[in-house]
Amino acid sequence: MRSSHGVPASRPVAAFNFAALFTLVTVAFRNLLKAKRRTLLLGFAIAVVAMLFLVLRSVSASVSARMIEAATTLSSGHVNVGGFYKVRKRGADALVNERAKLAALLKEKVPEAVGIIDRGRGWGRIVSPASSLNAGVSGIVWENEGRFFNSVQFERGSAENLKKPNTALLFAAQAKKLEVDIGDTVTLVIEGNGGQSNTVDLEVGAIASDIGFMSNYSLFVPRQTVLDLYRFNDNTTGVFQVYLKHASESQGVMERLRGTLAASGYTLMEHDPQPFFIKFDKVMGEDWLGQQLDLSVWSDEIAFVLWITTALDAVSFLVVGVLAFIIIGGITNAMWMSVRERTKEIGTMRAIGAQKGFIVRMFLAEAFLLGLFAAAVGAALATLLLLSLNALHIPIRNDGVRLFLMTNTFKVGVDAGQILATLALFSVITCVATIYPALKASRMKPVEALMHGK
Amino acid sequence: MDALATGSEKRNETPGHAAIRLVDVTKVYPLGKTEVRAVKGVSLSFDTGEFTSIAGPSGCGKSTILNLIGCMDTPTSGEVYLGGEPVSGLSDKELTSTRLEKLGFIFQSFNLIPVLTVFQNVEFPLLLQGRLGAAERKARVEELLTEVGLQDQMRHKSNELSGGQRQRVAIARALVTSPRIVLADEPTANLDSATGERIIDLMQKINVTHGTTFLFSTHDPQVMHHATRVVRLKDGLVVEA
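Chains as they are written, first to last, in this note's numbering: chain A, 1 to 454; chain B, 1001 to 1241.
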């Protein structure tokens, strides 16, 4: 290949020339080792920020995962088909009519569901001789709740106890506040559709470990107890909870179901991304009568706590953004120093035939290696730190922190995807920070670069 | 243009032989608000296979002329021809390719890449070319390192070598792509006289065996007398060609 001036053009270096690439990486790696002090200082800074980033992202991801777990265990499927029934304008019940017909329809129309259960819904106050607390009431059919019983850990009592009528499953923090134990009686007070208070005495059949702070507001009783309290007939239920293989499919399935149910003659409420109990006031103020279905996804049912992950994400991106900005400045400066120190070397390379692109790639390779190794150290430290803290089973006593972390003991999972994302992010950041000095290096005139220091 | 330069210009009238030709080349450098005329209308011609010394005191324009021939600098006016092809108007990419393919460089301070071994330094231009496979590169580099007497130092880093050995590595690197022309800027200036002699002897041997055109600058009379031709410069002008 010859240029228009008869100059033989060399083959592009980096595209397929692996030997040149290997040399380029070797030069980059050895230059990093040569400038030990600078490499260590920069590497330390990058590693610290990478560690912080991974810790914050892991906490956020763990909180988010626990939210999904808590929501889908306690009060929600991935997709929920609930509804309200109004027999008068100033009232509303969380009720779905024609339970059997809707169950069959959902089974047919959501074939990808890994499970569909239905629960009675209510809201009431649990009263013990010592104390009282508010809770959302779920009326469960024992035989259908395999997923639920697999998820909860019983501290005292057993699932078997809950087969008996008018029994209750409490969570540890609730039992502690109410000062009750297995076999004790608590009273559940609900407000009926007519404004009257209905009550029932419940025997504490099981006490389960808390599932984040949300379990503080959850009470599980037999389905019949809810029907009796609200005077509902047997062909009603509170909500159908549809479980999918992947939570990410939730929105799509809900959208599809909306169309399917509307086509089947059901009246649907506008999608309102809020938990069902928040919708009561709005529904009670509306003029319609009869049945309307309300479809939601898991995140709607815990919308009131989603700010936690949003806040965590915002904080982590802000902190890491500021620190990244600082280290980008540091890397740019350090790389520029490196360029200045190696000006003669750059001039030599250019003189003996290295194209500008080679010089750019050489410095980018150096930056990439620095970012990758430093981020790997940071990720390793973050993993070690989190695993060590997890192993200590540190109890979280502060209610605010418990609410924030959605757990009663410190436990943060470290995800391989997050680690890889950290490595990629910091490798890219160091490369971006090096673009300017690398370009400046490549644009040096060989003759001037060779004269450097003379 | 002085008479001697005009005399050298006569060489160019024999077409087909000139490996390098400079025609009325001027180089002016800005220096603050003034200008320095480093080369003043020089015309020179060098035939293939010459072993030529460009001599003269410091600041006479030796390095400037080598840089202009080496496509590392461009003349303010005039034209440089390599193998009959003008180099003015070439892009940076084309000039770089010309340096890689047609020229070899030997520097006063050796200019080896410090983090690479002797073998890797010599192999480097071949990697930039990207034409030869690993086995061919290895054979070529080992052949040259044997020729310059460094077959036992191939895995050493440059800082583990003496000055003379480093310059031998630089010579091997300059020759590895089989260039038509090797330019050496004061190749013995950083060496003791005995080592310098050996380096010039080695260059001369390669000039004879490979037929490579050698142009080297020097102000050392002992080195100069090895040259088959001496071009003398003074104040940016050719005073003897």
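Don't take every hint at face value.
[What the hints assert, rightly or not] With a cut-off of at most 25 Å between alpha-carbon atoms, the simulated SDA-like pairs for lysine to any residue come out as follows:
| hint | chain 1 | residue 1 | chain 2 | residue 2 |
| --- | --- | --- | --- | --- |
| 1 | A | Lys445 | B | Pro1114 |
| 2 | B | Lys1157 | A | Lys86 |
| 3 | A | Lys344 | B | Ser1058 |
| 4 | A | Lys86 | A | Phe22 |
| 5 | A | Lys356 | B | Ser1058 |
| 6 | A | Lys445 | B | Gln1165 |
| 7 | B | Lys1157 | A | Thr39 |
| 8 | A | Lys34 | B | Gln1165 |
| 9 | B | Lys1138 | A | His452 |
| 10 | B | Lys1157 | A | Glu143 |
| 11 | B | Lys1093 | A | His452 |
| 12 | B | Lys1157 | A | Val189 |
Source of the hints: derived by calculation from the structure; they are not laboratory data.
Computed from a predicted structure; not experimentally measured.
Structure-based check of each hint:
1. Pair hint Lys445/A plus Pro1114/B holds up; C-alpha atoms about 21 Å apart against a cutoff of 25 Å.
2. This hinted pair does not check out: Lys1157/B and Lys86/A have alpha carbons roughly 88 Å apart, beyond 25 Å.
3. A hinted pair counts as satisfied when its Cα atoms are at most 25 Å apart, and Lys344/A with Ser1058/B qualifies at roughly 21 Å.
4. Our distance criterion of 25 Å between C-alpha atoms is broken by Lys86/A and Phe22/A, whose separation comes to about 74 Å.
5. In summary, the hint linking Lys356/A to Ser1058/B is not supported, as the alpha carbons are separated by about 31 Å, beyond the 25 Å threshold.
6. For the hint linking Lys445/A to Gln1165/B, the alpha-carbon distance of about 28 Å lies beyond 25 Å, and the restraint is violated.
7. A threshold of 25 Å between alpha carbons decides the hint, and for Lys1157/B with Thr39/A the separation of about 21 Å falls inside it, so the pair holds.
8. Annotation: proposed proximity of Lys34/A to Gln1165/B holds, straight-line Cα distance about 22 Å (limit 25 Å).
9. Between Lys1138/B and His452/A the CA atoms are separated by roughly 33 Å; this puts the pair beyond 25 Å, and the hint is violated.
10. Between Lys1157/B and Glu143/A, the direct Cα distance comes to roughly 76 Å. Violation of the 25 Å bound is thereby established for this hinted pair.
11. Under the criterion of a C-alpha separation no larger than 25 Å, the hint pairing Lys1093/B with His452/A is consistent with the structure, at around 22 Å.
12. Distance restraint check for Lys1157/B and Val189/A: the Cα-Cα separation of roughly 85 Å exceeds the 25 Å cut-off, and the hinted pair is therefore not satisfied.
Checked against the numbered hints given earlier, the structure breaks hints 2, 4, 5, 6, 9, 10 and 12 and satisfies all the rest.
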